[in-house]
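Novice: Taking the hints into account, I'd like the entire structure generated from these sequences.
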Amino acid sequence: MTATPVVLTLAAALIVIGMAGVLARRNLMFMLVSVELVFNGAGLAFIAAGAHWAQPDGQVMFLLILSVSGAETATALALMLRLERHYGTLDVDAMRQLRD
Amino acid sequence: MDEPAVLLWLVPALPLAGALVLALMGRRWPETWIARLACATVAASAVLAAIMGADYLAAPGARVQVLWSWFTAGELSPAVALRLDGLSLVMVAVITGIGFLVHLYSSAYMAGEEGYGRYFAWLNLFVAAMLVLVLADDLLLLFVGWELVGLCSYLLIGFWYRDPANGAAARKALIMTMAGDVPLVIGLLLLFSSLGSTAMPTLLGQAAESWPPGTALPITAALLLAFGAIGKSAQLPLHTWLPSAMAGPTPVSALLHAATMVTAGVYLIARLHPLFALAPPVLAFLAWLGAITLLLAGLHALVQNDIKRVLAWSTVSQLGFMFMALGVGAVTAAMFHLFVHAFFKALLFLAAGVAILALGHEQDLRRMGGLQQRAPWAFWGFLAGGASLAAVPFISAGFFSKELILAALWQRGGGALWAVAWVGAVLTAAYITRAFIIGFLGAPVTPATGATGWRMHLPVALLVLPTLGAGWLAPPFGALLAPASGATLPATETAFLPALLAALAPLLGIAFAWYALHRRPASAPPRLASVQDTGFDRFYGAWVRGPYRRLAQRLADDPFDRPFMAAAHLAHFLWQVLSATQDGRLRRYALVLVAGTAVLLAMVMT
Amino acid sequence: MTLVFIIAVLLLGGLLAWWLERLGRGVPQRVALAAIVIALGTVFTLFGDSSEWRAHWRVPWIPHFGIELHVGVDGLSLPLVLLALLLGAVAVLVAWRVRERPGFFQFNLLWSLAGMVGVFAALDLFLFFVCWEVMLVPMYFLIALWGHEQRQRAGFKFFLFTQASGLLLLTAVVALAFSAPGGPRFDYLALLDGARAPAARWIAAGFLAAFLVKLPALPLHTWLPDAHTQAPTAASVLLAGVLLKTGAYGLLRFVLPLFPETAQAVAPALMALGAAGVLYGAVLAFAQDDVKRLVAYTSVSHMGFVLLAVFAWNRVAWQGAVMQMLAHGLATGALFVIAGALQERVHSRALSAMGGLTARVPRLAAFGMFFAIAAFGLPGLGTFIGEFLSLLGAFQANAIIAAVAALGMVLSAVYALSLIQRAFHGPPGEHRLRDLGRRESGVLALMAVGLLWLGLAPQPVFDLTAHPLQALAGG
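Protein chains in written order, with the working numbering: chain A, 1 to 100; chain B, 101 to 706; chain C, 707 to 1181.
One or more of the hints may lead you astray.
Example chain B residues on the side facing chain A (calculated, C-beta under 8 Å, incomplete) [unchecked claim]:
id, residue
1, Asp-683
2, Gly-684
3, Val-694
Restraint ranges, calculated between C-beta atoms of paired labels, are given here [what the hints assert, rightly or not]:
id, chain 1, residue 1, chain 2, residue 2, range
4, C, Ser-1147, B, Ala-159, 48 to 54 Å
5, B, Trp-133, C, Pro-974, 55 to 61 Å
6, A, His-86, B, Leu-674, 30 to 36 Å
Every beta carbon over 12 Å from chain B, so not counted as near; a handful from chain C, in silico [stated by the list, open to error]:
id, residue
7, Met-707
8, Glu-727
9, Glu-839
10, Val-880
11, Gly-889
12, Pro-890
13, Arg-907
14, His-1173
Because the hints were derived from the structure by calculation, they are not lab data.
Where a beta carbon is used, it is the ideal one built from N, C-alpha and C, also for glycine.
Specialist: Listed below in C-alpha cells is the structure:
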C-alpha cells in the first residue's frame, strides 16, 4: 500500500549500488558480492510487488531467485578458483582473452 | 543486258588459292616452287583477264556473276557478286598485268630472304583482295576487299619485322587508313539504311531517284565516303603514311603503293560517281584537296634524298592530280591517268629497285650516280618512267593523260584549278629530273657490285612500252569507260594557249632542275629545305598519338574500379574500428551492457 | 528429356572425373572430354528439329510456389548452348596438363558448364536462377584454387559482383513471380502472356542489374579484368566465351520481352553506355602490359557492341548481337588460349618481356596474329558481321551513338596492332621456345575455321535465330 513506493525505491537503490559495484570494482570477489546485492534488490522488488497485489507470486519468485543465485554463486566461486590459479590474480582487467 | 560470266570468279580465286597454299606450306617448300606457284596464279589470272577483256571489247556490255548470297539481314541482302565492265576491266588489267611483273621481279629481288614463302603468300593475297575490290558489284563486298588490301599492305610493309621501325611504319599505314575508314563505314551505314540495298547498281539508281542533288543526305554520304578514299589514296591530311610505307620491300612499293592499292580511293569515287554527282560541294572539296596535295607533295618530292621517298611523294602528288580530275567530273581523264600512272610509277620503282640492288642496297641519291654503263636497265627504265611522269610531250604516255586532265580542268574547273595543276606539272618534271640527274648521271660514288638477273630486267623492259606508248590508247579508253562512268573524254580540241602552256610545263620543269643543279652541289636547294617537314607528322605525334597514349596510361588502372575498391576499403576500415571494441576488457563490456539496457528502458518507458 | 540428359551427362561426368582421379593423372580430362563429346553429339540432334521450342520438357518441382523443372531451347538459345559445349571442349583440351588435383579441376569445369547450359535452357525463372548460381560457384573455385598470383582477390571480387547482382535478380524474380494473378508463377511462358506488375520498373531494374554486371556494361565491368587475368586459361576461355553471353542472353530473353516499356525507356541511355564501353575497353586494352588483361579489356569493348545492338530495338541489330556473341566467343576464347600458351613459354604475362616471337614460335605467332586481326573485325570473319550489323541496326535507332561506336573500329586496330608488335615482332631473343603442339594447334585451327565459316556463310545462324527474334520484336 503506501509502503510500496518506499520498498521499491530501496530495491532500486540496492540494484544500482550493486551494478555500480560490479562496474567499479576490479577484484572478482567483490564483483560477485555486488552481483549478489543486485539479486537481493530484485528479490525485494518482487516481494514488494507481491505484497502490493496480495499475491503469493512475489514470494515464489523470491524463492526462485534465492535458489538460482545460490547455484550461480557456487559455480562462480568454482570458476574464480580456476581463474585465480591460471592468472595468479583476481584482477579482472588482467583477463583479456575474450577478444578478436 | 548484263550477261553472265562463268569464269569471272577464277580471276580473284586463283591468287587466293595460291595465297592459302603458300600460307600453309610456304615454310617447307624450296624457293623455286614458291615463286613458280605465286607467279603462275597471277599469270593465269592475267591470261583469263586478257581473254575476257578481248571478249568484252568485241561485245561491250557488263558481265555479272553472282556467286552466292552472303546473308540476309533485315531488308539488306548482300551478295558475293562480281561485275566486269569497262571500269573494272581497266583495273583488272593493271592489277594482273603489273601484279604478274612484280611477282616475277620479286622472285629475284627477295631471293634468299627469310620468309620467302610468307612474302609471296601475302603478295598473292593482296592481288586477290584487290581484284575482289575492283570486281565487286556489291558495296559491302567492295569494303571486304578494301579492308583486306589494307591488311596486306600492313603485312607487307612490316615484312622485315625484326626491325621495330618497319613495324611502326606498317602500323602507321594501317591505322591512318582505318582512321579514314571510320567515316567510310558510317557513310556505308547511311547509304544502306537510307537506300535499302547494298548492291551498287541499285544503290546508285535509288540515290539518283530519291535524293535531289545538293541536299544534305547525298552530301553527307559522299563526304563520308570521300574520307575513306582520302585515307586510302594518301591525300592530305591522311598522307604521311605513304612515304613511311617505303620501309617495305621495293616490289611491294611498286605494286601496292604506286599502281594499285592507293588507287583504290580513286576507283571508289569513279565507281560511285553518280552518287558524287549529287553532291557538288564534295566534288569541289575533292578538287581543291587534290590541288593542295599535288603542290605540297610535289614540293616534298623536290627535297628528298632517298630515291624511294621521292617516288612516294610523287605518288601522293599524282594521286592529287587524279582527285582534281574527279573533282571536276572528268572521271575518264582521272582513270586514264590512273592507268598510265600505274605503268610508269611501277616502272620507276622497279628500275629504282634494280639500281638499289646493283649498288648493294644503297638508296641515298647522293651516293648513287654514274649508272648509265653500270646498271643500264635501271638507267633506261628510270629515264623512260621519269619522262612519262614529267609528261614529256608526245613521246610519253604521261603527256597524254596529263593533257587530258589539264584540258578538263580548263574547261570545267576554271582558271584557278588549271593554274595550280600547271604549277604542279612543272614541279613534277623538276623533281623527277633532279632525282634522275643526282641518282643516275654524274660520277659513280658507290661501287656496283650487286647482281640483278633477267627476272628483274624483263619486267622493267616490258613496262617501258606502255609507259611510252599507252597515250595513243586514249580514245578507245574513253569509249571503254563511257557506259560505266557516264562521263566522256573531254574534247582534245581545247583552246590553243592552255594546251601549249601545258605542253611547255614539263620542259620548263626539266630546265629548271637542270639549271638549279648545275649551279649548286647535289643537295637540296636551301630555300626549299624548310618544306622538308611541313609538320604533319609532328602534329599527329603531338596532338593524336601523344595524347592518346597519355590518356591510355592515365586510365590504365581503371578509374571505374575506385568506387568498388572504396567499398572494400570502407569494409576494411569498419573492421579495424569495430575490432578495437573487442579488447577483452570485461568491465567495459559490462558497462556497455548496462548503459545500453538503461537507454532501451528509457526509450520503452517514455 | 534431351536437355536434362545433356546437363546430367555433364554433372555426372564431373563427379566421375573427380572420383576417377585415383586411377591416374591422365584420367579425369579424358572422362571430361568424353562427357562433353556425348553432350555435343546430343545437341546436334536438336538441329534437325524445327519446332519453336526444341526438347521442350516440363515437370512440376515445387507446385506450391508454381515452380517447375521447365527446359527448352529455341533458335536463340540453341546456338549458345552449342557455343558453350564447344568452348567447354576447348577448355578441357587446354587444361590437359593441369597438375594440381586434376579431378577436382575437371569437376568444377563441368559443373560450371552444366550451369551455363542450364541458364540457356531454363524456361522457369526459379530454375534459371538456380542454374545461374551453379554456374558461379565452381567458377569461383577454378579462379581461387588454380589461378595466378592474385587469384584470391580476383575470385572474391568476381564472386561478390555476381552475387550482389544475383541477389537483386532473385528479389526481382520472386517479386515478378508473386505479382502474377492467381498464385505465384515462375513459368517464363506464362509470365510472357501475363499482366504487368505495378512495380514493373523496379523488377526490371533487378533483372537489368544482374545482366549488366555479367555482360559487362561499363561502370560495372571492373570485376572482369581481374577475374579473366587471374583465372587459369581454361577458366578464362569459359568466362570470356560463355559467361559473358549469359548476360546478353538474359537481356534478350527476359528483359526485352517481359518489360518492353521500361526497356524502351532506358534504351538510349544503355545504347550510349554500350558505345562508351566500346571505346573505353579499346583505350584500356591499349594501355595494358599484361597480355591477358589486354584481352580482357577487348572483351569489354566487344560486348559494348552487343549492348548497343540489344537496345537498338530492331532485328538487324539483334542478328548482329547474336553473331557478335558467337564470333566473339570463338575469337576471344582463342586469344586466351594463345595468351595462356605465351605465358607457359615465356613464364610471364608481360608484353614487355616478349618480342620477336614470330621467329621463335612461328605457329603460335601466326595464330596470334590471326586472332588479333579477328579482334578488330576484319571482314571475312564472323566478328566483322557481328560488329557491322550491330552498327547498322544501332544506326537506324540512333545515328550519333552508332557513329561514336564506329570509332571503336580504328581504336581496336590500335590495340590489336600494338599487341602484335609487342609480342610477335621486333628483334627476337636468345632462348629456344617450344612451338605449339598438335593439340593446341588443332584447337586453334578449329576455332579459326569456325570464325571463317561464320564470316563467309552466316546465313544458317540468321535463319536459326530469325523466328525467336521476330517474336521479340512483336512482343
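Novice: Run the structure past the numbered hints and jot down the numbers of the failing ones, going up.
Specialist: No numbers; nothing is violated.
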